[in-house]
Structure formats: structure tokens, C-alpha cells
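Turn these sequences into a full structure, and let the hints guide you.
Chains as they are written, first to last, in the working numbering: chain A, 1 to 267; chain B, 1 to 401; chain C, 1 to 309.
No wet-lab data here; the hints were simulated from the structure.
Keep in mind that this is a model prediction, so the values were computed, not measured.
Careful: at least some of the hints might be erroneous.
Below 27 Å or equal to it, Euclidean Cα-Cα: the simulated DSS-like pairs (lysine-lysine) are [stated by the list, open to error]:
id, chain 1, residue 1, chain 2, residue 2
1, B, LYS39, A, LYS34
2, A, LYS34, B, LYS353
3, A, LYS191, A, LYS132
4, A, LYS191, A, LYS201
5, B, LYS347, A, LYS34
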Amino acid sequence: MLQLATRDGSPAPAAGLDHSPLAIRGLTVSYGEKPAVFSVDMTVQPGAMTAIIGPNGAGKSTLLKAALGIIRPLSGQVTVLGRSLDAQRARIAYVPQRASVDWDFPTHVMDVVLMGLNRELGLLGRVRAWHKARAMDCLRRVGMQDFADRQIGQLSGGQQQRVFLARALAQDAELYLLDEPFAGVDAATEKAIISVLKALKDAGKTVVAVHHDLSTVADYFDNVFLINTRKVAEGPVSEVFTAGNLQAAYGGRLATAQVDQLSALPA
Amino acid sequence: MLRDALLLQLGYNATLVAIGATLLGVAAGCTGTFLFLRKRALVSDAVSHATLPGICLAFMAMVVLGGDGRNLPGLLAGSALSAWIGLLCMTWLTRRTRLAEDAAIGAVLSVFFGFGVVLLTVIQTMSAGRQAGLESFLLGSTAGMLRSDAVIIALGGALSLALILMLRRPMTLVAFDPEYAAARGLPVTRIDLTIMGLVMAVTVVGLKIVGLILIVALLIIPPVTARFWTDRSDRVVLLSGLAGGLAGYVGAALSASAPNLPTGPIIVLVSFALFALSLLLAPGRGVLAAVLRHLRFQRRVHLRQGLLALAQGQPIYEPLTLRLLRRNGLVRADGVATETGRARAAKALRDEKRWEIVRSDLAHEAVAALYDGLRDIETVLTRDQIVEIDRRIGGPQGVAT
Amino acid sequence: MSGAEFVPLSLTPLLIGICAAVACALPGNFLVLRRQALIGDAISHVVLPGIVVAFLLTGVISAWPMMLGAAGAAVIAVILIEAVRRLGRIEPGAAMGVVFTAMFAFGVLLLEQTDTSSVHLDVEHALYGNLESLIWLDATGWASLMDPEALRGLPSELPRMALTLLAVCLFTWLFWRPLKISTFDEGFAGTVGIATAPLGLALVIVAAVAAVAAFDAVGSIIVIAMFICPPAAARMMTNRLERQVAWSVVFAVAAAVSGYVLAGYGPLWLGGADAISAAGMIATMSGVILAVTARFGPCRTRTGAPVQG
Chain A
1 MLQLATRDGS
11 PAPAAGLDHS
21 PLAIRGLTVS
31 YGEKPAVFSV
41 DMTVQPGAMT
51 AIIGPNGAGK
61 STLLKAALGI
71 IRPLSGQVTV
81 LGRSLDAQRA
91 RIAYVPQRAS
101 VDWDFPTHVM
111 DVVLMGLNRE
121 LGLLGRVRAW
131 HKARAMDCLR
141 RVGMQDFADR
151 QIGQLSGGQQ
161 QRVFLARALA
171 QDAELYLLDE
181 PFAGVDAATE
191 KAIISVLKAL
201 KDAGKTVVAV
211 HHDLSTVADY
221 FDNVFLINTR
231 KVAEGPVSEV
241 FTAGNLQAAY
251 GGRLATAQVD
261 QLSALPA
Chain B
1 MLRDALLLQL
11 GYNATLVAIG
21 ATLLGVAAGC
31 TGTFLFLRKR
41 ALVSDAVSHA
51 TLPGICLAFM
61 AMVVLGGDGR
71 NLPGLLAGSA
81 LSAWIGLLCM
91 TWLTRRTRLA
101 EDAAIGAVLS
111 VFFGFGVVLL
121 TVIQTMSAGR
131 QAGLESFLLG
141 STAGMLRSDA
151 VIIALGGALS
161 LALILMLRRP
171 MTLVAFDPEY
181 AAARGLPVTR
191 IDLTIMGLVM
201 AVTVVGLKIV
211 GLILIVALLI
221 IPPVTARFWT
231 DRSDRVVLLS
241 GLAGGLAGYV
251 GAALSASAPN
261 LPTGPIIVLV
271 SFALFALSLL
281 LAPGRGVLAA
291 VLRHLRFQRR
301 VHLRQGLLAL
311 AQGQPIYEPL
321 TLRLLRRNGL
331 VRADGVATET
341 GRARAAKALR
351 DEKRWEIVRS
361 DLAHEAVAAL
371 YDGLRDIETV
381 LTRDQIVEID
391 RRIGGPQGVA
401 T
Chain C
1 MSGAEFVPLS
11 LTPLLIGICA
21 AVACALPGNF
31 LVLRRQALIG
41 DAISHVVLPG
51 IVVAFLLTGV
61 ISAWPMMLGA
71 AGAAVIAVIL
81 IEAVRRLGRI
91 EPGAAMGVVF
101 TAMFAFGVLL
111 LEQTDTSSVH
121 LDVEHALYGN
131 LESLIWLDAT
141 GWASLMDPEA
151 LRGLPSELPR
161 MALTLLAVCL
171 FTWLFWRPLK
181 ISTFDEGFAG
191 TVGIATAPLG
201 LALVIVAAVA
211 AVAAFDAVGS
221 IIVIAMFICP
231 PAAARMMTNR
241 LERQVAWSVV
251 FAVAAAVSGY
261 VLAGYGPLWL
271 GGADAISAAG
281 MIATMSGVIL
291 AVTARFGPCR
301 TRTGAPVQG
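Right, here's the structure in full:
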């Protein structure tokens with residue numbers, strides 16, 4: 001089995017390519033003639049929370065989707081926990097952007113969470129009481145247990161996001177990839193989500209999230225990955241989340257005021 | 001025979017039909033563009049199928065009132081009315097219920113057409129209905145067309161075309177950017193309705209020539225064809241009208257030149273041939289050009305990545321990258337960089353550093369937006385600017401670190 | 001109505017109509033939810049060139065080659081639509097419009113060029129089928145259902161349609177969960193081990209098989225109507241996919257039965273002599289059902305919270 005994680009929250013020692021929960025080499029993804037992600041290397045530390053940050057259109061979501069094989073890259077390799085992506089799919093859970101699905105779909109909350117158990121259920125496996133109990137437990141962890149029978153369209157944005165997170169929890173994976181989990185959610189949801197993610201980390205899981213709110217990076221995450229088409233920097237928040245790197249990633253697009261706000265950071 | 005047909009030498013009726021088909025093609029091509037730009041191409045399919053019950057009811061009404069059921073203006077008026085009702089049903093379904101537009105289109109199309117077929121069979125049981133020949137509206141039929149009918153079709157085509165010419169500016173604006181058009185104070189809903197009205201007009205005029213099942217092709221294929229050749233919406237309208245007119249003219253002439261060549265299908269197939277040629281050969285968006293461009297682009301990406309990897313002393317895993325480096329004499333067969341390879345790699349790395357500076361500097365924001373990982377920096381900055389950037393990077397950089 | 005009259009004249013067309021309606025409505029549920037409702041429209045149009053080519057190749061009017069030809073045409077159409085959409089970067093609706101109209105025109109042209117005077121093959125037949133003619137002459141009453149001799153005289157469309165329905169049911173049952181997940185959230189489905197692209201293609205092929213089997217008996221209008229109307233009406237009734245599918249089956253059966261009965265007996269009740277098109281009437285009834293549910297259905301409006309800005 002794998003050696004996962006230091007559990008005390010300190011950044012794990014740099015893992016080699018072979019053991020990283022997610023290692024990306026030379027990844028280039030292009031829509032048409034303009035690369036959205038160009039020649040990016042990434043090595044995610046196990047048992048830690050990593051934020052992918054960068055300006056709008058910097059290729060954050062694209063990087064995540066290419067890592068999951070949802071988009072086909074032009075070049076590059078992805079290994080998950082030391083083996084190819086396809087061999088390891090069962091150990092990854094993915095939380096897509098909330099806006100990516102039709103919430104008018106005829107289904108209810110419990111059903112969506114049960115989708116996370118698809119692998120275990122297989123093609124014809126019946127949904128048993130214990131499956132439901134597990135799904136319910138996942139809902140409880142995100143504070144949505146009272147909504148199990150609701151039609152998903154009747155939920156607020158924050159509640160929808162928590163249902164998606166519960167579905168990922170049901171997958172019981174080693175590596176959790178989240179695409180903008182805090183986008184357009186209320187404060188209560190943000191708190192609920194972050195406490196669930198921290199609990200995952202404490203249980204030795206690895207969390208990678210595309211994130212857009214620079215002011216919370218230091219509170220929520222251990223590591224950052226700064227990207228603007230190319231990788232700008234990667235490493236522990238304390239070393240990499242600096243005004244200089246942010247300037248490099250955001251260029252002119254980060255207002256000086258914002259930089260000042262973050263000026264508590266090491267230069 | 002074909003030459004005669006193309007030169008309009010096959011008699012008065014055939015000539016009228018050819019002119020009518022050409023005008024219809026131009027009108028349909030132009031009108032269809034507005035639908036296509038609005039991403040509502042298949043709405044026309046619902047509209048055209050929804051004409052059938054109207055045709056049948058008009059026939060029945062005219063017979064009951066003691067007239068000739070086959071009176072073309074009467075039938076066309078009926079078809080327009082029921083197409084309009086179909087359009088209203090479709091709009092209501094998408095606005096007031098949870099159905100998406102595609103389902104609403106399909107529902108209206110099949111139900112109206114089904115009801116039309118029911119009415120067709122009812123007409124067949126009527127004493128006057130035996131020779132009604134209403135089936136000819138399904139696939140169009142120009143054989144044995146009355147002269148007055150041909151004149152009506154030619155007039156209708158011309159009229160729709162005149163309307164398009166008058167309204168082309170506001171319609172282009174609405175089709176291209178409805179929100180901007182609304183901000184400019186244009187009555188977007190009314191212009192949308194006008195576009196739908198034109199679609200109906202084209203459909204109704206085209207019923208006799210191409211029939212209600214295939215008329216939608218005249219509204220869809222020419223705009224799609226035109227889109228391959230230009231990115232400007234006003235030119236798409238123009239080219240689409242041209243493609244439609246050409247298809248109408250050549251199709252009508254071809255079908256008049258020999259027996260067993262039904263006008264409607266021939267026009268559609270000519271139109272499709274124009275489309276297929278454009279799909280393959282158009283310079284910008286055509287398949288051939290795109291494939292070549294993609295291959296070239298992929299090679300450039302791999303080469304660049306390979307050079308950067310060389311410069312930073314990283315191993316290269318991708319076989320394609322290695323092959324390209326080798327073929328360009330940048331690495332030896334054993335994977336070690338050659339002299340040129342090292343020089344090019346150093347240059348690539350240095351360019352990356354330069355770009356880094358450019359992209360983090362507000363003063364270069366416009367240039368920074370051009371970054372795609374491949375562009376040579378000399379093409380976007382002056383020599384002086386590069387020198388200035390090099391000074392900020394500091395002393396000469398080694399090949400590998 | 002006595003069995004002696006009903007069984008030979010009405011039982012088989014009614015059963016065929018029901019089977020066809022349900023076989024189309026089942027995949028239709030997913031097509032409607034995937035915003036691919038008009039795939040059914042496209043498939044039913046390209047059936048014509050398929051059967052004409054099959055006829056030209058074999059020279060006979062027989063069921064299996066024609067079904068194969070039609071299925072082949074459907075697959076070609078789907079591939080062409082995908083190719084045009086991707087290669088030309090054209091929105092799916094327009095891509096569909098280009099492909100199915102061109103193929104249909106090609107079919108009509110081929111038909112006109114071919115001497116089909118000796119055989120029963122024409123455009124009208126492909127459009128509205130001939131449900132009324134599928135009678136069971138060997139039957140004398142309900143007892144014939146137990147009579148092997150009479151059963152042998154069943155119109156071959158009935159077992160064929162029943163078999164198709166069975167296959168469609170099997171597909172839906174077997175792939176229920178993957179279909180549901182990938183229809184709801186394709187990106188996620190890929191990460192829980194569902195091969196979304198092949199599954200999407202399989203769904204379209206199953207729809208094509210249902211369409212091809214049904215068109216022979218009932219024509220393409222019913223096919224389009226049944227793909228869309230019963231699922232759309234079912235959508236207005238419930239917020240659960242399971243119940244939606246159940247409702248769609250109920251509506252499909254209701255449309256088939258009421259349409260057939262109205263077409264066969266309606267004119268008699270009104271004092272007319274001849275029957276009217278059953279296929280058209282079934283499509284019309286499905287529209288009536290949709291109209292009623294769209295006006296009064298408990299779940300007729302959208303529920304989705306506004307998508308984030």
C-alpha cells in the first residue's frame with residue numbers, strides 16, 4: 001500500500017513522482033490554436049490541501065479536467081498514486097462546477113449521492129439499506145441530511161454544492177479534486193465545505209481545489225499551485241504564496257489594492 | 001438538354017419555375033442565416049411540418065364553401081395560419097413549461113404533421129378529395145404546375161427578398177447580439193417575430209417547389225455553407241443567399257432537363273454538394289486546412305516543450321517530442337542534445353524568462369495577452385525592449401541549470 | 001364488439017402500435033433529457049434512403065434487409081452529424097438539419113429513379129406506415145390465440161416489434177444506472193467508471209433500432225411523436241426519473257390505444273364510412289396528452305435554481 005501523509009497538518013515531505021497522489025508532466029491542453037495550459041508540471045503532496053489559483057482564463061479548470069481525462073491533452077502525462085490514470089480512477093473523486101449540470105433533472109438529493117457509489121453497485125447491483133445509510137452519512141457530514149428527499153432543483157446554490165461534495169464523499173477516494181467549490185455559495189456552506197475538506201485531510205486524504213478567492217488561501221490550504229497558462233510557482237503557502245509570485249501569475253490583472261491587502265505575505 | 005435548361009430555354013413554365021426557385025433559394029438562404037446565427041435552425045423544421053393541417057383545413061373549407069379546393073393562394077394562406085399556430089405552441093412550451101426548445105420543436109413537428117396526415121385521409125374520403133393531390137405538398141412537385149401558380153411563387157420569392165433587403169440591418173444586429181440590440185433600443189421581440197414571419201413566408205412559397213419536408217434544407221444548408229467562408233455576419237447573409245440562389249437555379253434547371261429528377265430533392269442535393277465542398281476546402285474553417293494547421297501546431301508545441309526540457313535538463317518521455325527533436329537535428333539518436341540543440345534550447349529558455357517579465361509587467365499588458373507558449377518574442381517586442389528586459393533578467397544565463 | 005371481429009382486425013395492429021410506441025418512448029426519455037430529442041427526427045428521416053438502398057441491393061421487399069439498410073443509414077447519419085458538428089464546428093441542430101435533409105433528398109431521388117411500380121415502396125408509406133393493414137386473417141376469435149395453426153398466420157411485424165420492445169427494455173434495465181448518471185452529469189460519470197461516449201452512441205443506436213422496427217409498421221410520424229411526446233408529457237408529472245419513465249410508458253400506451261380506436265371507429269361514430277390514418281391519429285393523441293399535461297401537470301414548470309452568474 002501507499003505511504004500516505006503526515007497527519008499532523010505539516011506539509012508532507014516532497015514526494016517523488018512515483019508516490020505523488022497526482023503527478024503531471026509536460027501537460028499542454030489547447031482549445032483551437034491557443035494553449036489554455038502549456039507544458040505544465042505538477043506534483044501534488046499527499047495528505048495535504050492544495051489550491052490551484054490564477055487569473056480568469058488561466059487554465060485552472062482545464063488543468064483539472066485534463067488531469068481527470070475529461071479533456072484530451074495535446075501532450076503530457078498524468079500519473080495518479082504512481083500509476084496511470086485509468087488504473088486508478090476508483091481512487092479519485094471529482095466535484096465538478098455546480099453550473100455544469102442541468103439542475104432541473106428529475107432526481108432527488110439521495111439519488112445524486114448514491115451516484116457516488118456507482119462503482120460498488122456495478123451494473124445491476126441493488127441499492128441496499130446499507131448503501132442508503134452510507135449516503136445518508138455523507139449527507140450528514142455536509143449538513144444536508146434533512147434534504148434527502150428534495151428534488152435537486154429546489155435547493156439553493158450552496159446546498160447544491162454540498163450535495164455534490166456528499167456525492168464525492170460517497171466515493172470514498174484517496175484523492176479529491178474540486179472545481180471552484182466555493183463559487184457562488186453562501187458563507188454557511190463555505191464553512192461547512194471547508195470543515196469537511198479539513199476532516200478529509202486529517203484522515204490522510206489529498207485534496208486539490210481550484211480556488212479563486214485569494215484572501216482565504218492561507219486559511220484554507222497548505223499548498224498552492226499558481227498557474228497562468230504556464231506554471232508560475234508550486235509549493236507550501238508560506239513559501240510560494242508571495243506578492244512577487246502573485247504579481248507574476250496575475251500580471252497587470254491583480255489590482256494594486258489587492259496586492260496591498262495581501263502584503264502581509266512575505267515579499 | 002442541360003445546357004438548354006441552364007439557359008432557360010425549356011419553355012415558359014420551366015423558366016418561371018427556375019426563376020421562382022432561384023428567388024426562393026436566395027430568400028431562404030438569407031432568412032436561414034438569421035435563424036442559424038440565433039442557433040435556432042431547426043425551428044424551421046417545426047414551422048414547415050406545421051403547415052400540413054392548415055393546407056388540409058383550407059382545402060376542406062374551400063370545398064365546403066363551394067369553391068375549388070386546389071386554389072393555391074387559399075391553400076398557402078391556410079398553411080401560413082397553421083404554421084403560425086405551431087410557432088405559438090412551440091414558444092408557449094419553451095416559455096411556460098420545463099421543456100427545452102429541441103423537445104418543443106419535435107413535439108410540434110410530429111403532432112401537427114400527424115394531425116395533418118389524419119386530415120389528409122379524411123380528405124381522401126371526401127368526394128372532392130380523390131384528386132386533391134395534396135400529397136404533392138409533402139415533397140413538392142413542379143410537374144404540371146399551373147402558370148398562375150408559377151407566377152405566384154416567383155412573386156412570393158421576390159416579395160420575401162424585398163422584405164429581407166429592407167430589414168437586413170436590424171435583423172443582423174438582433175441575430176448577432178440580441179442584448180446589444182436591445183440596449184440600442186431595437187424592438188428585439190418584434191424583429192424576432194419578423195424573422196419567424198420570413199421563415200414562414202419562405203416555407204409557404206417553397207411548399208409547391210420543394211415540399212414541406214425538405215424546405216428546411218433550404219433554410220439550413222446555405223447559411224452553414226456560407227459560415228465556412230467568412231466570420232462576418234453581413235457577409236454570411238450575402239454568401240448564404242448566393243449559395244441558396246445557386247442551388248435553387250441549378251437544381252431547378254437540372255430537374256427540368258431530364259425525367260425522374262424531382263425538383264425539391266435535386267435542389268437540396270445541389271445545396272448539400274456546395275456544403276460538402278465548403279466543409280472540406282474552405283481556407284479558414286475547412287477540414288483540410290484545420291487538419292494541417294493542427295498538425296503543424298502540435299509539432300510546434302512538442303518541439304518547444306522538448307527544447308525547454310533540454311534546457312532544464314529534464315528527461316523527455318513523449319516519443320513524438322523525441323522524434324521531432326531528432327528529425328530537426330536537435331538531439332542525437334541517443335537523446336543527447338547536439339550543438340544546435342543546446343543553442344536553441346538556451347534561446348527557448350531565455351525567451352520563457354523574457355515572457356515571464358513581460359507577463360508580470362503592467363506596462364506590457366497588451367503584449368502579454370499574446371502569450372501562447374509558442375510565439376517568438378522578437379515578433380511582438382522591439383529590439384530595444386528585449387534588451388531592456390534582458391537587463392532586468394540579469395547576466396547571461398547558462399544552458400541548463 | 002365481439003372477439004370474432006376484434007381479434008382478426010384490431011388486435012394485432014393495436015398490439016403493434018403499443019409495442020412501437022413504448023419502444024420509442026423508453027429511449028426517448030433519455031434523449032429528451034440530453035437535449036437530443038431531434039435525433040429521433042433525424043433518424044426517422046434517414047430511414048427512407050436506407051430502405052431504398054437495401055431494396056436496390058437485394059431487389060426484393062423483405063423485412064430484414066430493409067431493417068438492416070435503415071439501421072445502417074441511421075448509424076451513418078449519426079456519424080455524419082457528429083463529424084459535421086465537430087469538423088465544421090457547427091451547432092448540433094444545424095448539423096442535424098444539414099445531414100438528414102440531404103439524406104432524405106437522396107432517398108427520394110433514388111426512389112424516383114428506381115422502378116418500384118411492381119412493389120409497395122413509396123414515400124407516403126415510409127411517412128405514415130400502414131398500421132390498419134396489419135390484420136390477422138387466420139384468427140376467428142379469442143380462441144385463435146391458443147391455436148398454433150392460426151398463430152402462424154400472425155403478421156410478422158408483431159413478433160418483430162415485440163422482440164424490439166424486449167431488446168429496448170433489456171437495454172434500459174441493464175444500463176439504467178449508467179444512463180441516468182451520464183445523462184445528469186457527463187463529466188462526473190466519466191470519473192466513476194462509465195464509458196460515456198460509447199454509452200451515448202449505444203443509446204442512439206437503440207433509438208435507431210426502435211425507430212427502424214417501428215417505422216415499417218407505423219411510419220415515421222409516430223416514431224418522432226413517440227420519442228418526444230410521451231417523455232415530454234411525463235416530465236410534467238414528476239420529478240423522479242423512475243416515475244417519469246413509468247408515466248411515459250403509460251402515456252405511450254394511452255396514445256396508441258386511443259389513437260387507434262379513434263382512427264378506426266371515430267369516423268363510424270360520426271357516420272362516415274372509411275377509417276382515417278391510425279398513425280396520424282396516434283401522433284395527434286400524444287399531442288393532446290402533452291397539451292393537457294403541459295397545462296395541468298403538477299411539475300410542469302422549471303425548478304432549477306438560477307445557475308450562478
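Going through the hints against the structure:
no.	hint	result
1	B:LYS39 with A:LYS34	holds (25 Å)
2	A:LYS34 with B:LYS353	holds (20 Å)
3	A:LYS191 with A:LYS132	holds (26 Å)
4	A:LYS191 with A:LYS201	holds (15 Å)
5	B:LYS347 with A:LYS34	holds (22 Å)
Against the hints set out earlier in the document, no violation occurs for any number.
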